[in-house]
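Asker: Just need the whole structure built from these sequences, with the hints factored in.
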Amino acid sequence: MRFSDEVLMAYVDRELDAPTRAAVEAAMAEDPELARRIAAERALRERLRAAFDPLLDEPVPAYLLQLARTAEQRSAHTPAPLARARTGRSMWREGLALAASLLVGVLFGHWVLRGAGLGPVVTRAGQMVARGPLAQALTGQLAANQSATAAVRIGISFRSNAGQYCRTFSLRAPRLAGLACRAGGQWQVQVLTRAEGPAAAAGHYREAASSMPPAVVAAVSAEISGSPLDARAEAAARRRGWVP
Amino acid sequence: MSASDGNLRDQIIELLPRLRRFARTLARNPHDADDLVQIAIERALAHAAQLRADGSVAAWLYGIVRNAWIDEHRSRRRRESLGDAVPAAENVGDPAAGSPEELLCVQDALERLADEQRLAVSLVLIEGLSYKEAAAVMNVPIGTLTSRLARARETLQSLLSDAAGEPL
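So the sequences go chain by chain: S and G.
The first sequence begins at 1 in our numbering and counts up one residue at a time.
The second sequence begins at 1 in our numbering and counts up one residue at a time.
Quick caveat, the hints were computed from the structure, so don't treat them as lab data.
Cβ coordinates follow ideal geometry from the N, Cα and C atoms, glycine included.
Mixed in with the good hints, there may be bad ones.
Claimed, not checked - Quick list of the computed label-pair ranges, beta carbon to beta carbon:
no.	chain 1	residue 1	chain 2	residue 2	range
1	G	Glu116	S	Leu65	28 to 36 Å
2	S	Arg21	G	Ser75	40 to 48 Å
3	G	Glu14	S	Ala23	37 to 45 Å
Answerer: Take a look at the structure:
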């Protein structure tokens with residue numbers, strides 16, 4: 001029996017009635033090509049879900065909860081004022097996000113400096129700045145070709161809303177991850193946090209490094225403007241010394 | 001499910017994580033996505049009387065988020081149409097399931113779909129609505145929804161297998 005793509009799709013989406021569903025399953029058992037097509041559809045669906053599902057665990061911002069509790073509820077014929085200036089709130093929110101990231105930075109900065117000697121960062125005028133191998137990697141290392149055993153691993157690079165170049169990184173020891181943005185000729189560390197996960201063996205380092213801690217993810221989400229740089233744009237930015 | 005006052009607020013609050021995820025399939029920037037959710041909360045409460053007593057609150061709210069996105073998206077595209085063609089970003093790094101890089105990669109692919117295809121994918125494949133529910137949110141017949149969904153899947157299969165489908 002031949003099945004159209006739409007029937008296979010409906011099978012994966014659990015939209016078929018029981019007899020058709022059974023017919024597809026019987027045919028799948030006999031026909032490896034059919035089974036392969038269904039597996040590909042299923043994999044796509046699972047991949048999309050896996051990418052977006054972690055967002056369900058993000059805490060809902062307090063102002064949205066507050067709005068749902070308190071915004072005026074109207075009956076059908078009362079005109080509602082829908083247009084509102086959102087600029088003020090956005091600025092307030094960005095300020096709060098910045099304050100939160102600074103706080104995380106300061107706390108972990110102290111932890112790093114106390115716990116691991118001088119560490120990968122120094123604090124200058126209240127701002128954490130990358131130093132030593134971390135600073136060198138941020139300036140010179142490309143995500144596209146870095147050694148699996150490098151002490152610093154670069155994640156993604158992107159332009160921030162303020163126009164600066166920013167890069168995520170993770171350190172092998174101490175196990176830390178963070179986000180740094182280039183400003184004033186130095187790498188200002190926006191977030192530095194303990195990297196989760198088991199101590200990585202060399203072979204597993206790449207995978208371990210690609211799951212960023214939530215504080216880093218939140219900072220990237222708040223800062224990123226557009227898409228991450230691709231390999232070519234990353235190399236071009238390095239040539240220009242990370243000057244926009 | 002009636003739209004009596006306290007009840008509707010509770011239902012909105014309970015649905016907020018899903019509405020935020022849905023908005024993130026439409027707007028990549030989390031602030032833009034939350035702006036859509038904010039508009040949807042305001043509109044939902046302001047137009048609570050329009051919720052039919054027998055209607056699903058979730059489907060109704062998805063529809064409001066969708067409409068807010070279409071409004072914002074169209075006006076934004078007009079603003080941006082003079083400028084930059086967004087480069088097709090191939091993400092560097094090592095996308096692993098659930099990682100932010102993987103999310104950006106999938107969002108990139110979704111952005112390249114036609115709006116109505118993207119909505120179909122979001123509602124059915126990510127939010128898990130039935131064809132019937134998704135068609136109602138999009139205000140189209142089921143056949144229109146499924147043909148959009150089929151075309152979108154075909155495009156996504158080729159975009160995502162090229163970009164980062166290699167196993168680690």
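Asker: Does each hint hold? Answer for all of them.
Answerer: For each hint, the structure was consulted:
With their beta carbons about 31 Å apart, Glu116 of chain G and Leu65 of chain S fall inside the hinted range of 28 to 36 Å. Between Arg21 of chain S and Ser75 of chain G the beta carbons are some 44 Å apart, a value that agrees with the proposed interval 40 to 48 Å. A C-beta distance of roughly 39 Å is found between Glu14 of chain G and Ala23 of chain S, which places it inside the suggested range of 37 to 45 Å.
Comparing the model with each numbered hint stated earlier shows that all of them hold.
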